[in-house]
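In my numbering, the protein residues as written are 1 to 542.
Read the hints as simulated data drawn from the structure, not as lab findings. Be aware that a few hints might be false.
Claimed, not checked - In silico DSSO-like cross-links for lysine-lysine, where the CA-CA straight-line distance does not exceed 27 Å:
hint, residue 1, residue 2
1, Lys181, Lys151
2, Lys188, Lys453
3, Lys401, Lys453
4, Lys411, Lys431
5, Lys411, Lys188
From a predicted model like this one, the values you see are computed outputs, not experimental measurements.
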Amino acid sequence: MKSINKILYAGLCFTGLLSSGCYKDLGNYNYKEVNNFIIDSFPPSLFVYQFDTLKINPKIAGTLEQANYDDTARFKYRWVLGTANTSTSYPGTIIGTSRVLNARITPSPGPYGLYFEMTDKKTGQIFMQRNTNLTIGSSTYEGWILFSDVKGNAQLDMINYINGETMITRDILSQSPEIPKPLKGPRKVAYINSGTLNAIPPPYHAKSYGNIDKEWIYITTDQGGWKLRNDYFFTQGAWNNVKELVSSVRDSAGFKPLYHGNGESNNSIQDVYMVDENNDIYERNPFRYYVLPINRVLSEGAFRAAPFIGRAYTYSWQHNTVFYDIDRKRFLRSYPESGYCTQIPTTQGIQLFDFNQVGMDMVFMRSMDEINLTYALMKDASNTYWLLTFDARNEVTQNVKIKVTSPEIDKAKFFTIDKTTGVFYYATDSKVYAINKDFPNTYYQVLDVGNRKISWMDEHQFSKGYYSYNGDINYVRNTTNREPFIANWIGVATYDPGNLEYGTGNITFYYAKDYLTAQSSFVKKDEYKGFGKIVSVSYRER
1 MKSINKILYA
11 GLCFTGLLSS
21 GCYKDLGNYN
31 YKEVNNFIID
41 SFPPSLFVYQ
51 FDTLKINPKI
61 AGTLEQANYD
71 DTARFKYRWV
81 LGTANTSTSY
91 PGTIIGTSRV
101 LNARITPSPG
111 PYGLYFEMTD
121 KKTGQIFMQR
131 NTNLTIGSST
141 YEGWILFSDV
151 KGNAQLDMIN
161 YINGETMITR
171 DILSQSPEIP
181 KPLKGPRKVA
191 YINSGTLNAI
201 PPPYHAKSYG
211 NIDKEWIYIT
221 TDQGGWKLRN
231 DYFFTQGAWN
241 NVKELVSSVR
251 DSAGFKPLYH
261 GNGESNNSIQ
271 DVYMVDENND
281 IYERNPFRYY
291 VLPINRVLSE
301 GAFRAAPFIG
311 RAYTYSWQHN
321 TVFYDIDRKR
331 FLRSYPESGY
341 CTQIPTTQGI
351 QLFDFNQVGM
361 DMVFMRSMDE
371 INLTYALMKD
381 ASNTYWLLTF
391 DARNEVTQNV
401 KIKVTSPEID
411 KAKFFTIDKT
421 TGVFYYATDS
431 KVYAINKDFP
441 NTYYQVLDVG
451 NRKISWMDEH
461 QFSKGYYSYN
471 GDINYVRNTT
481 NREPFIANWI
491 GVATYDPGNL
501 EYGTGNITFY
511 YAKDYLTAQS
521 SFVKKDEYKG
531 FGKIVSVSYR
541 ER
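Make the full structure from the sequences, and use the hints.
Written out as structure tokens, the structure is:
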């Protein structure tokens, strides 16, 4: 894809506007001609993407004298971004106070008027030019959202796809004054498309909620969590995650959620989940507030939950969510919006393990919508690793229990699952391995990043398109040739451990070939460089 230049430069070399005037000589009572200025007129329209830099260098000439127009002792300038098509006044935001405009454009997308004002302090004359049409376009339209750690500080960037072009939008959170600067400890970013309007807490995107309020961007950090507008990623104090709780008894300063999202499900969801700093898990309908943690059994009370949400939606929201009790080492499940968990009943088919007496520690868990299985990586008391797969949405079935014998599983930090084949991938600091639950005695190393370090890995779950999403809302379900579609690519983020400055982080996308015939070999499909240490990635869909 082509790259859009991040600086919009408008050199105003158009028909000049003659700004003239005169003053009255009170001693001689004669009128004398004063210096007039010719200022290049604005083009009829300008376009700039939000968060881009708008640069304009107007050429100015005097009729009686030439001057240094950058001399601030004599000349004063104002660039104002205001209402479009206003001829008598130009209220708005001052975006520049020097002759040359060099401003980062942060207001929301839409039509504006751009106004230029020049004051000659020597004579008191004021000259004004205006552009009746400055359009700010969205630079957060669709694409990958990257949450990076830059020496402990959080930065949100986006790889934006628009009109067949690729644009990198950086430092998006700088536009929201409500967010602390610097923002410490990035944890998670998640695009959430709810099946019903996510109207808690108000205010809405507009005066009354509409379909746009089904989609939000959530971020969680060491300093708290916020939900951002899905159109231009802005937040305000009312959208602090602590205000999604039914009571404000929680102190926002001490509220540091680990996760806010939908359990990595792909479909538009009926419920939203949050894991707080105490590993308590909350669930709410988008129209309701969080009330009490759901990691509790009615007859027993609360339990310590592993920070994983096993939620597989497929085409019904009435499917149980799976959790894991850390202390009693057992699986539990919760019916949507019930507010509590219950034991998982004994399966009728193959018996590979006891849901209520697993006896192992959980390392990772995720439910996969497309193959209707929950994957759980477990470690027993002898430090042996096991992969369990099962379906506990309604009827309970167990699929496999295999011993994981592949290399460096004890060093694994990141995990993902191929949504079509069910191949399980794990990453250490520098390598990625593939294993297949149906062929437990095989494994393949599919990537080695050398001296760089891996900071994130995933095959993203899309709300639309499942296997064939590629930015086209008119997708066609395609399981035959999946390689061209980003929905089937595995993303791997890396960074330079010897240089933690912003700019050393990269993200690369791979397509994994067939496990049996091609050993799940990775084929590079796309790559973007120049970010921080990427710790979380989501995708803003259209």
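(request) Sort out whether Lys453 lies within 27 Å of Lys401, counting only the CA atoms. (result) Judged against 27 Å, a Cα distance of about 31 Å means the pair is violated.
(message) Lys411 and Lys188 were given as a pair; does the straight-line alpha-carbon distance stay at or below 27 Å?
(response) Holds - the C-alpha atoms of Lys188 and Lys411 are around 22 Å apart, at most 27 Å.
(message) With the threshold set at 27 Å, check whether the alpha-carbon distance from Lys181 to Lys151 stays at or below it.
(response) Holds, at about 14 Å.
(request) Starting from Lys188, check that the Cα of Lys453 is at most 27 Å away, please. (result) 19 Å, holds
(request) Please work out if Lys411 and Lys431 have their alpha carbons no farther apart than 27 Å. (result) 10 Å, holds
Checked against the numbered hints given earlier, this structure breaks only hint 3.
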